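Novice: Protein chains in written order, with my numbering: chain A, 1475 to 1591; chain B, 249 to 455.
Bear in mind the hints are in silico, worked out from the structure with no lab data behind them.
Take these hints with a grain of salt, some might be off.
As the list claims (entries may be wrong) - Cβ-to-Cβ under 7 Å is the rule here; a few derived chain B residues that face chain A: (1) A296; (2) K298; (3) P351; (4) Q365; (5) D367; (6) A368; (7) K370; (8) A371; (9) T372; (10) A374; (11) A375.
These numbers come from a predicted model, not from an experiment.
Note that the Cβ used here is the ideal one computed from N, Cα and C, for glycine as well.
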Amino acid sequence: MGSLSSMLTAQFSDPREQPAAALAHWRATPPEWLPARYGEIEDSYNSVTWEWRHVQLMMRIIPFAGWFGGATCYRITALFESDGAFGSRITVNGTVDERTQDSIEAAAEHFQLGGTV
Amino acid sequence: MGLFRDMKNIRETTAEHGGMPNIKDVRRDISATFDDRGEREILKSGIAAKGIVRGFTSPVPGDRFALQIPIEVHPPNGLPYTIDYVFPTVRMQAAIVAGMEIPIKIDPQNPQRIAVQWDAQKATIAAAGGSYAAVEQGLASTYGGAANAAMEQAMTNLRNGTSGAVPPMTSTVDVQSRIEKLDQLKTSGLIDETQYAAKKQKLLDEL
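In isolation and in its complexed conformation, chain A is listed as follows (with noise of 0.2 Å):
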């Protein structure tokens, strides 16, 4: 597991379901591309937040290393709005492990690193 991370954007699309609906079933069933390490942090009226914070095998070794900003902290973001006629679009921001940025880049429609610049 590599620690290079960036900030990626990416869109998919649920024609079959409303924001709302779409937003309570990623919620409940988080996308596959998502591995299961990656934990629900926060949601808001219209979006997701997962985070994975990974503490390198070499900060684990080191007693209190953790405290001292020895982990990494991936966080993504997916936000769902209307699109336009009865489904979902949904835009995921954030920062994940390379691993993990591939999934995305295979599973989604729209991609591209770089974040809200």
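Keeping the supplied structure of chain A fixed, place chain B upon it in accordance with the hints.
Specialist: Just chain B now, kept in the frame of chain A:
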């Protein structure tokens, strides 16, 4: 000598900023910088809601570690209300400007206290196509076309070498027509020869 030059530069630069702070002040500043002022607790147990930004961020008088911005809070149940949201500067992670819809959580014990959900706000901005697009959408929803029109007028003024405050320079054609009017005034006897000559010279000086 690089080391001595660096040390001299550090000493001079810190002097320009009021000198080295003492350890107590440094500790107090670090503590104030990272004080979340209860926001994490609100994010954990608060009520998810929508906020609409009704202004721009501004400093908080007497509090250099915080910013404030008016936000119209739309609770899931109940009428909207507006608050001045004061938040620790260090928590700001994305743009918020007038007109933007932002995800917030409301303190169930005190509805006047809220916390912005910055991760969700970043996703909102990404969905809008980036910070510039999100800001433009927010401003458009608040000011309609007025903000764009004002900007376009300012750009036109810049291209023409004028600003909104300075009137355009007098053209030759303009001066010529004004002298012709002056001639008419003299011919009709409304001004005498002296007045005519003085005014005509003034107009010619504008060229």
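Novice: Run every hint past the structure and note whether it holds.
Specialist: Cross-check of the supplied hints:
no.	hint	result
1	A296	holds, 5 Å
2	K298	holds, 6 Å
3	P351	holds, 4 Å
4	Q365	holds, 5 Å
5	D367	holds, 5 Å
6	A368	holds, 4 Å
7	K370	holds, 5 Å
8	A371	holds, 4 Å
9	T372	holds, 6 Å
10	A374	holds, 4 Å
11	A375	holds, 4 Å
Of the numbered hints listed earlier, not one is contradicted by the structure.
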